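Next come the chains, spelled out residue by residue.
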Amino acid sequence: MTHALGLPALAMPPDEWLLIAALVAYAVAAIWLLLYFFSQDERHRRIGAPAAIVGCAAQFLQLGARYAETHIWPLLNLYGSLSLFSAMAVAIFIVFAYRYRVWFAGGFVVAIAAIFLAYGVTWNEGVMPPVPSLQSYWAKIHVPLVVSSYAAFLLSFVLSLLYLLKHYAEQRYRARSLQMAAAAPGAGGVALDLEETAASGASMQASAVLGEIRHDTPAIDAAAEAGDPIAGWLASLPSLATLDVLTYRAVAVGLPLLTLGIITGAMWAREAWGAYWQWDPKETAALFSWIIYASYMHLHTRNAWRGYRTAWVSVVGFVSIIFCYLGVNIWISGLHSYKV
Amino acid sequence: MSPRALYDDFIRTFGNVLFAVALFAVWGVLTLVGVVVEQGKDAAFYAATYPAPIARALLRLDFDNVYHSPWYVGIIGLILTSLAVCTFKRVIPARLPPLRPVRVEAIPLHATLHLRGTASEVRARIEAFFTRRGWQIRKRSFGGVEWTFADRHNWARRGVLVAHMGFVIIAAGTTLYWWKGFSGETVVLTGDAVRIPQTGAVLSLRSFRYVIQPTMTKSGLVYQPIDYVSSLVVTGKDGIPQPMTLRVNHPINIDGTYYYQSSYGFGVRFLVTHDGRPVPALSDQTLLEGQMLAIPGVQRSVEFAQFVPTIDRTTGRPSPDPRVNDPGVILEVFEGNQPLGAALVPMKTWIDLGDGWRIIPQAYRLFSGIQYRYDPGVPLVGIGAFVLLAGLVISFYFLPARLYVRVDDKADGTCTVGMAATTVKGYDIFDGAFRELVERLRAELDAQPPAPVLVPAEVTPT
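Heads up: the sequence lines are chains U and X, in that order. Quick note on the numbering used here: the first sequence kicks off at 1 and runs consecutively. Quick note on the numbering used here: the second sequence kicks off at 1 and runs consecutively.
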């Protein structure tokens, strides 16, 4: 019995052990951080946060162990790069969580990272020597930079979705309160307040006067005070302005990394293929994503666009990133078709 | 419309951020078209791949070569124009605002403090507070009212300008390539030499070597290429032949032009016979894949379609093994433009072309595909990329903020401090920092006793 069950497991190389450990830790972290998201119970965070850190550490160790074992840079195929993507997504999230208290978003980030890691495992074809064009020191610079930028954009994507969730919830609560005000005689004062709030728009979101608590979702706050449990939970999430600033900060990490990644990729392409830009589908898709995030940054300078509109741009940006990352690698043939 | 009004319209349109974003959107869509639609194929490919109306539209709109289409070049031109107008008409004036009084309570980030002491004392203590924290202090008087302006990371207001300049430098570098640069590709057979027309350099290929490693993966056997190496003798402008080795990722530089290992393949020499006798005119050349031999006196021709390094003798079909073990060629025969059929012909064997003609693949030779490129714009593009990145880092990680401070005396020996903050990225991003700053200022100034008032000492006789 021991022989049948034990030996094959023990025969697994260390990197596969670490991979399993990372997946288990991510599953634990995702569950507890999602519970934290819904319950705001600190005890859930105290379990989820260390599990995320353990999973992230296990993943980096796994990549290191794979390199030590094979002496082949582990990021040269989709399996390796997806491993780094999920590890970096969790690592960037952890840094943000400690710096800006964004643990509430952790369940989603870790769950998505775990899904990408599990998907990456399906592309693991074992150890293969790299093709000549990948035998370059640039592989150790370009790939981590680009993958890290994708990871930062994952965090901005999750934060944007949370922004949109709260924004549209606020709209629903506002509409409901207006309906109630219209239906109830003598309640016009409340409705008028909300209309004025709605009319003030973006400037209302920024109107933080020292000593006052920011209320950029007055309808949710009012419903929460009235005892609505969902509104109470929504009100406990960070304000829309905070979510917007956090999204901006995540994009501000991702965009320079993507820029640097495109630049180093161009330098590598010049060495390998003779031209720094060849309009290869991967290059072009990366440029497309860059354009979207550059647009995000430009729009974010406008008061009228800052908020749910830029949140949508961030969401579209991440969709373009996934197309660039997986769609181009898997479905479109080109110079970057390094699936296995 | 007067020229002045036209100019104003132009500046208003091209200086509008939303117009720039709209241009970005069009650029993005055109870029995406190039990803989705295969580029650089012939018309027949699009006709075969897409329904006829779409294929026609793709060709008419130049979407088969979108990155060199008038649309694409035009949109990049418009973006660069917008970039320049935004930079000089919007970014610079907006990012470097003049010092002027404001209505403190009208700015969302504002605070009011009541402190002991005279206005001049409090102002001096506030200035000392901000100076210690690295803020740049400037004072101005407007209509008899003293204003103190504190700026942090004022230099970083130029970050967007720097990023835009990076783009302009990259565009200049790219233009320099279009103007002065060139590129091309050549094929040289083992033992042969080629002369590069633009540079006059002569490349002789002594040998070409490739390394293929069969690797067992979870999905089966994969023949993984490991190395491609061309051993060359290169004669540049100095006329001195020099042996050089060319590999992927290791280009060689000859008189400023870079040469790259890009591909390899096989050339084949065919023996053509007619009624059993060799025809030397058709038999002394080495053909590359895709080249044809026209049979004299008839409408028939033969295309060397593909070299097959290994024929799988069990199936009689090409093996996936790219190493040369049991080679052959695929020949396609045409009557006029009509294909008659194709055949896999092992080396040294023959096929009958009719009318007494036979063709025999005699011998193969490796060739090396070499790209070359002279690009005088590379240093500029590199500098532009660095400047662009520096601009992004400055713009994203340094937040220029300005504090407007007005101190007014009150009758009871105290004074009112009105303080407001603006940044180049709105108010939310500075909200926490502003609160912290005000709290610290309040704590520090409250804790400090007012400056002692010097009065003559009263001497009491003992």
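There's no promise every hint is true.
[Unchecked claim] For each label pair, taking beta carbons as the anchor points, the in silico distance ranges come out as:
1. U/V121 to X/G341: 41 to 49 Å
2. U/P13 to X/T315: 34 to 42 Å
3. U/D228 to X/A172: 38 to 46 Å
4. U/P13 to X/F88: 55 to 63 Å
5. X/L340 to U/Q278: 50 to 58 Å
6. U/V319 to X/W178: 57 to 65 Å
7. U/A68 to X/R313: 38 to 46 Å
8. X/W179 to U/P13: 53 to 61 Å
9. U/W17 to X/A44: 31 to 39 Å
10. U/V121 to X/A44: 39 to 47 Å
11. U/Q278 to X/A47: 38 to 46 Å
12. U/A175 to X/A47: 30 to 38 Å
[Said to hold, decoys possible] Output of the computed footprint for chain U on chain X, the stretches with three or more beta carbons under 8 Å from beta carbons of chain U:
13. 25-35
14. 46-52
[To be verified] One-sided and incomplete, this derived list gives chain X residues near chain U with beta-carbon spacing under 8 Å:
15. V21
16. P214
17. I226
18. N249
19. I252
20. N253
21. D255
22. Y258
23. R317
24. A385
In short, the hints are calculated from the structure, not lab data. Please read all numbers here as calculations on a predicted model, not as lab measurements. Think of the CB as a built atom: it goes at the ideal place given N, C-alpha and C, for glycine as much as any other residue.
Checked hints:
1. U/V121 to X/G341: 41 to 49 Å: Holds: the Cβ-Cβ distance is about 46 Å, inside 41 to 49 Å.
2. U/P13 to X/T315: 34 to 42 Å: holds (37 Å)
3. U/D228 to X/A172: 38 to 46 Å: violated (59 Å)
4. U/P13 to X/F88: 55 to 63 Å: holds (60 Å)
5. X/L340 to U/Q278: 50 to 58 Å: violated (38 Å)
6. U/V319 to X/W178: 57 to 65 Å: 34 Å Cβ-Cβ, so the 57 to 65 Å window is violated.
7. U/A68 to X/R313: 38 to 46 Å: Holds - the Cβ-Cβ distance for U/A68 and X/R313, about 43 Å, lies within 38 to 46 Å.
8. X/W179 to U/P13: 53 to 61 Å: Since the Cβ atoms of X/W179 and U/P13 sit about 55 Å apart, the hinted range of 53 to 61 Å holds.
9. U/W17 to X/A44: 31 to 39 Å: violated (54 Å)
10. U/V121 to X/A44: 39 to 47 Å: holds (42 Å)
11. U/Q278 to X/A47: 38 to 46 Å: violated (26 Å)
12. U/A175 to X/A47: 30 to 38 Å: violated (53 Å)
13. 25-35: holds (count 7)
14. 46-52: violated (count 0)
15. V21: Holds: closest Cβ of chain U sits about 5 Å from X/V21, inside 8 Å.
16. P214: violated (11 Å)
17. I226: holds (6 Å)
18. N249: Where the cut-off is 8 Å and the nearest Cβ of chain U is about 4 Å from X/N249, the hint holds.
19. I252: violated (11 Å)
20. N253: Hint violated; X/N253 Cβ to chain U Cβ min 12 Å, cut 8 Å.
21. D255: Cβ of X/D255 sits 16 Å from chain U, so the hint is violated.
22. Y258: holds (7 Å)
23. R317: Violated, about 23 Å.
24. A385: Holds, because the Cβ-Cβ distance from X/A385 to chain U comes to roughly 4 Å (cut-off 8 Å).
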